[in-house]
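Participant: The chain contents come next:
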Amino acid sequence: MTTLAPTKTQGKAAPAAPPGRLRRALSTHWYAWTMVAPVVLVLAVIIGYPLVRGLYLSLTDATEANVARDIGMNHIPATYKFVGLDNYTAVLSDSVFWSRLGWTVVWTVACVGITFTLGLVLANLLNRKLKGRTFYRLALILPWAIPAFISVFTWRMLYNEKNGLLNKILQGGGIDAVPWLNDPTWAKLSVIAVNVWLGVPFMLVALLGGLQSIPGELYEAAEMDGASAWQRFRNITVPSLRSVSSTVILLSTIWTFNMFPVIFLLTRGGPGDATEILVTYAYRLSFIDSPRNFSESAAWGVLILLLLSVVAVVYRRSLRKQGEVW
Amino acid sequence: MREKKRSPLASTGLHATLIAAAVVAVFPPLWLLVTSFKPKNDAFTTEPVTDFTLANYTHVLADTSFLTWFGNSVVIVGVTTVLGVFLAATTGYAVSRFRFPGMRPLMWLLLITQMFPVAVLIVPLYNLLASLGLLNQPAGLVVTYLTIAVPFCAWMMKGFFDTIPVEIDESGRVDGLNPFGTFWRLVLPLARPGLAVTGFYTFVTAWAEVAYASAFMTGEENLTLAGGLQTFVSQYNNDWGSMTAAAVIVAVPAAAVFAFAQRHLVSGLTAGTTKG
Numbered sequence: 001m002t003t004l005a006p007t008k009t010q011g012k013a014a015p016a017a018p019p020g021r022l023r024r025a026l027s028t029h030w031y032a033w034t035m036v037a038p039v040v041l042v043l044a045v046i047i048g049y050p051l052v053r054g055l056y057l058s059l060t061d062a063t064e065a066n067v068a069r070d071i072g073m074n075h076i077p078a079t080y081k082f083v084g085l086d087n088y089t090a091v092l093s094d095s096v097f098w099s100r101l102g103w104t105v106v107w108t109v110a111c112v113g114i115t116f117t118l119g120l121v122l123a124n125l126l127n128r129k130l131k132g133r134t135f136y137r138l139a140l141i142l143p144w145a146i147p148a149f150i151s152v153f154t155w156r157m158l159y160n161e162k163n164g165l166l167n168k169i170l171q172g173g174g175i176d177a178v179p180w181l182n183d184p185t186w187a188k189l190s191v192i193a194v195n196v197w198l199g200v201p202f203m204l205v206a207l208l209g210g211l212q213s214i215p216g217e218l219y220e221a222a223e224m225d226g227a228s229a230w231q232r233f234r235n236i237t238v239p240s241l242r243s244v245s246s247t248v249i250l251l252s253t254i255w256t257f258n259m260f261p262v263i264f265l266l267t268r269g270g271p272g273d274a275t276e277i278l279v280t281y282a283y284r285l286s287f288i289d290s291p292r293n294f295s296e297s298a299a300w301g302v303l304i305l306l307l308l309s310v311v312a313v314v315y316r317r318s319l320r321k322q323g324e325v326w
Numbered sequence: 327m328r329e330k331k332r333s334p335l336a337s338t339g340l341h342a343t344l345i346a347a348a349v350v351a352v353f354p355p356l357w358l359l360v361t362s363f364k365p366k367n368d369a370f371t372t373e374p375v376t377d378f379t380l381a382n383y384t385h386v387l388a389d390t391s392f393l394t395w396f397g398n399s400v401v402i403v404g405v406t407t408v409l410g411v412f413l414a415a416t417t418g419y420a421v422s423r424f425r426f427p428g429m430r431p432l433m434w435l436l437l438i439t440q441m442f443p444v445a446v447l448i449v450p451l452y453n454l455l456a457s458l459g460l461l462n463q464p465a466g467l468v469v470t471y472l473t474i475a476v477p478f479c480a481w482m483m484k485g486f487f488d489t490i491p492v493e494i495d496e497s498g499r500v501d502g503l504n505p506f507g508t509f510w511r512l513v514l515p516l517a518r519p520g521l522a523v524t525g526f527y528t529f530v531t532a533w534a535e536v537a538y539a540s541a542f543m544t545g546e547e548n549l550t551l552a553g554g555l556q557t558f559v560s561q562y563n564n565d566w567g568s569m570t571a572a573a574v575i576v577a578v579p580a581a582a583v584f585a586f587a588q589r590h591l592v593s594g595l596t597a598g599t600t601k602g
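Just so you know, the protein sequences line up as chains A and B, in that order. Under this note's numbering, the first residue of the first sequence is numbered 1, with each subsequent residue one higher. Under this note's numbering, the first residue of the second sequence is numbered 327, with each subsequent residue one higher.
Hints are supplied without guarantee of correctness; some may be wrong.
[What the hints assert, rightly or not] Straight line, CA to CA, 16 Å or less: simulated EDC-like cross-link-like pairs of lysine to aspartate or glutamate: (1) A:Lys81 - A:Glu64; (2) A:Lys162 - B:Asp389; (3) A:Lys162 - A:Asp183; (4) A:Lys81 - A:Asp61; (5) A:Lys168 - B:Glu373; (6) A:Lys188 - A:Asp61; (7) A:Lys168 - B:Asp389.
Everything labelled a hint here was simulated from the structure, so no lab data went into it.
Bound conformation, chain A alone:
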């Protein structure tokens, strides 16, 4: 019989075994496997292959100049060769990588921290009886309903140094124009602000969904026992949200770390390379710089993947210590 959730530690992966055992595993788990099969298949093909290919490229010296290509009627075969870990040693001994990593970490921590806090506060404010709740909810989630490239475009309009609305308003108050996207420090603050603006609705919806699935009786019982609002929040809301919030924090860390569109469309990584995070730099290497350097870009990509894997493992481990198991 398949065990249900409460007995969480049961059913460790059965080692590949003689046919009898395999048949038994099949008959026990076939519906679980059937349910996940389509996803596994699609992921294996669409992510698995490019991933392996990317890994391979990172171990070669492939650039625009030596990959297979067609010029007119002529097909030129690839001439790049295997170079082992050369790309990695080159990247890791380059200060560009470390300075980009530093800013990427600041960017990720700032964005996720601010976004999660705002999302949690607003979700709690909204998850109660109050006049105009539907209106507030609609208004607060609105930024998510609008495609990001359009919002970013709008923010560029607002940030525009000479004509943008923000500076015109400041001017009205007698304050000098702020170089929102043209000064390294301001540009960093500006991209973080836009990313938070884009990210709060997601947190809000996820946490609100979590809050709404907490049975109201829990709160009623606690209230009858004389628990204060803070105690109810600490002892009912927070533990009940654990599953949803641990997921959204981890995912939003990963997404923010790799948040390509916001930075690319808002500042193109500039001014200079002030707002360039690891991903936009990897993109620059393989799509903008000339000659396009596929192998070094792939090495950056693999390093990003490794860094994020470490973060995910550490995060999961700390959660498991608190009793969350999978």
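Guided by the hints, dock chain B onto chain A, whose structure is given.
Facilitator: Just chain B, lined up with the frame of chain A:
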């Protein structure tokens, strides 16, 4: 609901906070809307609309392939959303309820797919789709979008299923339902808020995706909105007027789907269980 009478001070604070947040959230899209009704040379004026005009809209709708792109997007994103929600729900349910061999690797797989940057996947993926004959085909984009949206949605659904008491599954089993029946007839209806959130998420993600759409689809009649608008940006470099009008039209369906999901969120899981 449970709330007792709030003190006037707390009430004012609550509303003030929410109003401030709402203004920040709504203002940029609102300003975009306002600007789209201005003649294009006035795009940067600070006044609200003085000479109201629909010229930007008629130009976008009549003189460009905008409507074709719109149709393409609706088809691709629609199919993605339906398939995505279904796959996310089955996967999420399996991971939430069953301890089966391969589950932990699967959780990691779902997580790791989020980590590899688009910028690095895009070139190999392009070659792969080309060799499968899926380039320039709606199916190619649908499959790609599923790989972006489903891993996260499956995680999300797992979270929602975790909050649904296991006793419900057990009662289904006692009544002689097989695991699929239990999932389909008992648990899924209770997970409606989760489904609404994942559906909305899948839709918005696919609707707003730019990088893959512009790389995999070529030829004016095959483009989706995101790809189409990219040609717009270069074509109408400083024509902020047309851009704002196009942006507003693109945002409308997303907002509509959002309104629909919102309704389900409000009805909520708590209401569902207490009624039953």
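Participant: Look at each hint and say if it fits the structure.
Facilitator: Hint check results:
1. A:Lys81 - A:Glu64: 13 Å, holds
2. A:Lys162 - B:Asp389: 31 Å, violated
3. A:Lys162 - A:Asp183: The given pair, whose Cα atoms are some 14 Å apart, holds under the 16 Å limit.
4. A:Lys81 - A:Asp61: 6 Å, holds
5. A:Lys168 - B:Glu373: Distance ~11 Å between lysine 168 (chain A) and glutamate 373 (chain B) Cα, so the pair holds.
6. A:Lys188 - A:Asp61: With a Cα-Cα distance of about 33 Å, the restraint between lysine 188 (chain A) and aspartate 61 (chain A) is violated, given a limit of 16 Å.
7. A:Lys168 - B:Asp389: 33 Å, violated
Hints 2, 6, 7 from the list above are not met by this structure, while the remaining hints are.
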